[in-house]
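Based on the sequences and whatever the hints tell you, model everything.
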Amino acid sequence: MNRYITAYYLDEEDLLKGLGHLKAKGLEIMDVLTPFPVHGVDKALNMRRSRLTRVAFIAGVVGATLGFGFQAWVFTVDYPINIGGKPFFAVPSFMPVTFELTVLFAAFAMVIAFFVSNKLGPAAKAVIHDERITDDRFLVVVKVGDGEGEENIKEIELALAEAGAEGITLKV
Amino acid sequence: MENQKFILTKKLSTLIYGMIGIGVLSLAVSFLIGTGAERIAANLLLNTYYFLALGLIGLFLVTVHTIAESGWHTSIQRIGESMSSFIPVAGILMLLLFVFGGLHLLYEWTHEDHLDEILLKKVAYLNAPFFYIRFTVYFAIWILLAHFIRKNSLLLDQSGDLKYYRKFRIFSAVFVVTLAVTSVTSSWDWLMSIDAHWFSTLYGWYVFSSMLASGTAVLIILLIALRRMGYMGHVNNEHIHDLGKYLFGFSVFWAYLWFSQYMLIWYANIPEETVYFYERQKNFSTIFYVNLILNFVIPFFALMTRNSKRGSSILLPVSVVVFIGHWLDLYQLIMPGAVGGEASGIGITEVGITIGFVGLFLFFVFRSLAKAPLIPKNHPFYKESLEYHTQY
Amino acid sequence: MYISPLREPLIRGNKNYKQVTDDVLSPMAGKPSKYWYAGITLAGIALLFGGWATFRTVFYGIGEWGLNKTIGWGWGITNFVWWVGIGHAGTFISAILLLFRQKWRTSINRSAEAMTLIAVMCAGFFPLIHMGRLLLGFYIFPYPNTRSLWVNFNSPLLWDVFAISTYFAVSLIFWYVGLIPDLGTVRDRAKTKIRKAIYGFLSFGWTGSARHWSRHETVSLILAGLAAPLVLSVHTIVSFDFATSVIPGWHTTIFPPYFVSGAIFSGFAMVLTLMIVTRKALNLEDYITLNHIESMNKVIILTGSIVGIAYLTEFFMAWYSGVEFETYAFFNRAFGPYAWAYWIMMTCNVITPQLFWFRKIRRSVLLTFIISIFVNIGMWFERFVIVVTSLHRDFLPSSWTMYKPTVVEVGLYVGTLGLFFTLFLLFIRVFPVIAVAEVKGVLKSSGEQKKITDHE
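So the sequences go chain by chain: D, X and R. All residue numbers for the first sequence refer to my numbering, where the first residue is 1 and numbers rise by one. All residue numbers for the second sequence refer to my numbering, where the first residue is 173 and numbers rise by one. All residue numbers for the third sequence refer to my numbering, where the first residue is 565 and numbers rise by one.
In case anyone wonders, no lab produced these hints; they're calculated from the structure. Each hint should be verified, as a subset may be incorrect.
Stated by the list, open to error - Just a sample of chain D residues kept apart from chain X, beta carbon distances all over 12 Å, derived: (1) Ala24; (2) His39; (3) Asn46; (4) Lys86; (5) Met95; (6) Val116; (7) Pro122; (8) Lys125; (9) Val127.
Said to hold, decoys possible - Dumping the calculated PhoX-like pairs for lysine-lysine here, alpha-carbon to alpha-carbon at most 25 Å: (10) Lys23(D) to Lys154(D); (11) Lys924(R) to Lys171(D); (12) Lys924(R) to Lys862(R); (13) Lys924(R) to Lys335(X).
Stated by the list, open to error - Restraint ranges, calculated between C-beta atoms of paired labels, are given here: (14) Ser719(R) to Pro489(X): 27 to 33 Å; (15) Gly85(D) to Gly517(X): 31 to 37 Å; (16) Gly85(D) to Phe765(R): 26 to 32 Å; (17) Pro489(X) to Tyr566(R): 31 to 37 Å; (18) Lys119(D) to Gln176(X): 15 to 21 Å; (19) Lys119(D) to Pro596(R): 32 to 38 Å; (20) Arg576(R) to Leu158(D): 38 to 44 Å; (21) Trp907(R) to Asn82(D): 40 to 46 Å; (22) Gly627(R) to Tyr79(D): 31 to 37 Å; (23) Ile937(R) to Pro443(X): 42 to 48 Å; (24) Lys755(R) to Ile153(D): 31 to 37 Å; (25) Asn455(X) to Arg49(D): 32 to 38 Å; (26) Leu606(R) to Gly167(D): 26 to 32 Å; (27) Val77(D) to Ile934(R): 56 to 62 Å.
This one's a predicted model, so the numbers in the text were calculated from it and none came from an experiment. We put the beta carbon where it would ideally sit given N, CA and C, even for glycine.
Right, dumping it as C-alpha cells:
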C-alpha cells in the first residue's frame, strides 16, 4: 500500500527554503512537483546529471556513420553512376545527407529515451497528486513506509508545517 | 573587491620585448639568407592582417554585446577594448608594407604592363590610387570609432553618467554596421585580389568568420592568462563557459562557410573557379587539410561536453590550437597566390615574424589594459555580470 | 539573480502564476469570436480555390502551369522556398534564442514553432504536386526496390528531401516536447470528461515532477543545440538547389548564408504579422509586449541588412568577375522585362527594414504590421526574381523567353495561404498559444512585480 504525505507551497522561493529545512531534518523527499522547472530543486533532491546527452551523442554518431556509409556504398559498390563527371566517392556531395541523418537520429533517440525514462506516453498512468500543480502550486511529496506508525506520520507532518508548507494531507 | 588596474611586470615586459626581438631578427635573417621578397612581403601581410583582424574582432565582440544589452559580457569587456588598441599600429605597419614595395610584390594587378584581358576589366577597382583611398577610409573609420567607443566607455566608468552609456551604444551600433561592410570589402582588396583572376561572393564572410573564431580564441587566452596572473577575480566559470560556447559555435560556423564555398565550386566544376582550390589541394595539401583539423575537428569534438567549456584545462589548449589554425587558414589564403608552391614553406620567416607580431600585439594590449580599471563598475549591467549563473 | 532596472519588463500587469494560466488558457474555452469564424471562412475559401487548382494539376498534368522549356521552375519553387524560409523563424526563436538566453522568446515561441510546422507543410506541398505522378512520390526516398535503383545522392534536390523531412520531424518533436507540460495544465483545468480524456492522452501523463522537469530542460537544450545547425542547414541546402548550377545569378558562393538570413528575415516578419493580430484578438498584450515587438524588429534590421549587404556583394562581384554573362544577368534584373519585380524586391527588402532604426517606428504596432507584410512581399519577389530572371535569359539568346503564371499556379499558392491560416486558426483554439510554463519560469525575474503570493 502506497501512502504519501503531500504539502504545497505557493512560491518557489519558499519551496526551496522549505526543502532545505526538510533535508536538514533528514526527511526522505520522494518527489517535488512544480508548474515550471525550479532551479535548485535538483540539488535538493540529489538528482544526478541526465544521461540523455550521451544517448544523443551516440545516436548522432550512428546516424552519421549510417548516412555516410550508405551513400558511399551505394555510389562506389552497389550502383556507381557518373553524375556530371563527379567521382563515385563524392565526399562533398555526401555531407548534407550525413549531417541531416546525424541530427535526426540524435533528436529522435534522445526524445524516445526521455519518454521511456520518465515513463511518459499516450497510455501513461500517472498519479496526479494535485490538479493545481500545473497551475500555481509547488508540491512536496514524502513517502510513508508501510511499517510506519501514527507517531512517525505526525512527525513528518510537523516537520512539513515547520518548513512552511500548507495543505498537509495524508494520501493513500 | 577593489577595482584593479593591470600592472605590467618586469618578467612580462622582458618576454614581450624578447618576442619582438625575435621578430625583428627573423626578418633580418630572412633577408640575409635570401628568402624571396614575395615570401617576406606575404608574411608581413599575413601577420599585419591577422592581428588587425584580432583587434577589430575584439572591438566587435564588445560592441555587439553592447547593442544586444548583454549583461554577462561587461565583466570582460576591457579585454576586447584593449585588443582594439592594435588597430592603428596595424594600419601603420600595413601602409609601410604597401608603400615600400609590398604592393607591387603581392598584387599582380599592380604590374600595369602585364595586365591580361581579365585584369584589364577590373582596372576601375584594382588600381593603386583607389586602393590607397579605400585603405585610408577603412582605417579612418575604424580608428575613429574605436577611439570614441573607448573614450565613452572610460567616461561612463569615471562618471557613472548614463549619457555616456547612450553614446557608447550609438557608436557601437555604427561600428557594427560599418565593420560588416568594410571587413568584407577590405578582405577583397587585401586578400582576394592576390588571386586577381578569381572571385567568390562568400569570401568576405568566410574571412570574417575565420577571424571571429580566432578573435574569440585570443580573448579566451588573454582572459585565462589574466586570471592566472591574479586579475579578473570577478570572472568565474560561468563567463568562461559562455566564451567556450562561442568558440565552439564560431568554429562550426566557420566550417559551414568553408564547406559552402568549397562544395559549390567543386560541384559546378568551372575551371576559372576551381583553379583556386586545385592549386591549394595540390601544392599546399598538408596545410589545406590540417586547416580543417585544427579549426573544425579539434574544437568540435573537444568542446562538445559541458565540462570542457567550464574552466581552462581544455579550453586554453583548444584556443591556442584555433589561434594557430586560423593563422594557417590565412596562410593558405595568401601564399599560393602571392608566393606559389615552390618558394613557400614554414620556416624561420614564418615562425619568427609571427612571434614578433605576437609580442607586438601583447605590448599594445597590455599597455591598454593598464590604462583603465579592469572592472567597468559603473556600467549599468555590470552587477548582472557579478551574480551570474549560466544555468545550462 | 540580479536583473538591471534598465531592462524593460517582459510581462506586464503584475501577474501571478494563476493569472498567467488563466490569461493564456481561457481563449481556448468557450465559443470562438465572430472574427475567428470570419477568418476561417476566408481561409477556407482560399483552401477551396487551392483544392480546385490541385485537381486541375493532378488530372490534367503540369501543362496546366505556365512553365516552358526555358523557364522550367516558376511559381512552384518560388512558393516552396518562400514557405520554408518563413518556417525558419520559429526554429530560430525556439532554438537559437534559447541558446542565447533571450527570455523574451518565451511568449512567442509556441506560436512561432506552430507556424513553422504549418509553413513547412505548405512548403512540402509544392515538391509533391510538381511531380506529376503524385502517387509515386515515395520514389524520392532510398528504399530497396526491384529496379535496383537508388536515389541520386549527388543531387541537391535529394538533399532537400532529407533536409525538409528531418526539419519537419525534429521541429515537430521539439514543439511537442515543449507543449507537453502545458497540455498537462489544460488537462487539469478541463471541465468536461471528453476534454480531460483528450488532453490527458495528449499530455502523456505529465505530472510536473522535478525529475521530469530536469530531464525536460536537458532535452530542450540539446534539441535547441541540434535544431540550431539544422535550421541553418535546411535553407542552406535549399540554396544549393540553385548555387550548385552553373547559370549566372544562381551559381554564387554567398547563397547559403544569404538565403538563411533572408529566411529568418521573412520568418520574423510573418511571426510579427501573426502575433500582432493574435495578441489583440486573445487579449495577450501583457505577454506579447512592445518590448517583444521591438526585439523582433531588431532581428529584422539585422537580417534585412545582411540581405542588403549580400545584394551589394553580388552586384559588385557580377562586375568584378569580368564574366559578361554574370554582369548581364544583374543588368537584366534591374532593367530588363522583369525590372518591376526587381524594384519591388529592392524597395521592400532593402528600404523598409532600415526604417526600424527609428525607435518610434520600432515600437509602433501599426507600422510594424504594415512593414511586416511588405517584407514578406519583398521576400516573395526575391525568390521570384532569382528563379525566373536567371532562367529566362541565360547563355543562349535564342532560348530567351518570358514566363507568366496560370490561374492554376496562382490557385495553388492561394490554397497554401488558405491552408496556413486555417491551420493556425485551429491551432489557437486547440493549443495554448503561449508557452505557459516557460513564461511562469521568467515571471519573477522579468515580470513587473517582485514576490508572487496573492491568490484568489
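Here's how the hints hold up against the structure:
1. Ala24: holds, 24 Å
2. His39: violated, 7 Å
3. Asn46: At roughly 19 Å from the nearest Cβ of chain X, Asn46(D) sits farther out than 12 Å, so the non-interface label holds.
4. Lys86: At roughly 8 Å from the nearest Cβ of chain X, Lys86(D) sits no farther out than 12 Å, so the non-interface label is violated.
5. Met95: violated, 7 Å
6. Val116: About 23 Å separates Val116(D) from the closest Cβ of chain X, which puts it past 12 Å; holds.
7. Pro122: holds, 29 Å
8. Lys125: The claim stands: Lys125(D) keeps its Cβ more than 12 Å from every Cβ of chain X (closest is about 31 Å).
9. Val127: holds, 29 Å
10. Lys23(D) to Lys154(D): holds, 17 Å
11. Lys924(R) to Lys171(D): violated, 58 Å
12. Lys924(R) to Lys862(R): holds, 13 Å
13. Lys924(R) to Lys335(X): holds, 20 Å
14. Ser719(R) to Pro489(X): 27 to 33 Å: At 41 Å between Cβs, range violated.
15. Gly85(D) to Gly517(X): 31 to 37 Å: Holds - the Cβ-Cβ distance for Gly85(D) and Gly517(X), about 34 Å, lies within 31 to 37 Å.
16. Gly85(D) to Phe765(R): 26 to 32 Å: Violated: the Cβ-Cβ distance is about 55 Å, outside 26 to 32 Å.
17. Pro489(X) to Tyr566(R): 31 to 37 Å: holds, 34 Å
18. Lys119(D) to Gln176(X): 15 to 21 Å: violated, 53 Å
19. Lys119(D) to Pro596(R): 32 to 38 Å: holds, 36 Å
20. Arg576(R) to Leu158(D): 38 to 44 Å: holds, 42 Å
21. Trp907(R) to Asn82(D): 40 to 46 Å: Holds, at about 43 Å.
22. Gly627(R) to Tyr79(D): 31 to 37 Å: Given about 33 Å between the Cβ atoms, the range holds.
23. Ile937(R) to Pro443(X): 42 to 48 Å: holds, 45 Å
24. Lys755(R) to Ile153(D): 31 to 37 Å: The hint (31 to 37 Å, Cβ to Cβ) holds, given that Lys755(R) and Ile153(D) are roughly 34 Å apart.
25. Asn455(X) to Arg49(D): 32 to 38 Å: violated, 49 Å
26. Leu606(R) to Gly167(D): 26 to 32 Å: violated, 49 Å
27. Val77(D) to Ile934(R): 56 to 62 Å: holds, 58 Å
In the structure shown, a violation is registered for the earlier hints numbered 2, 4, 5, 11, 14, 16, 18, 25, 26, in ascending order.
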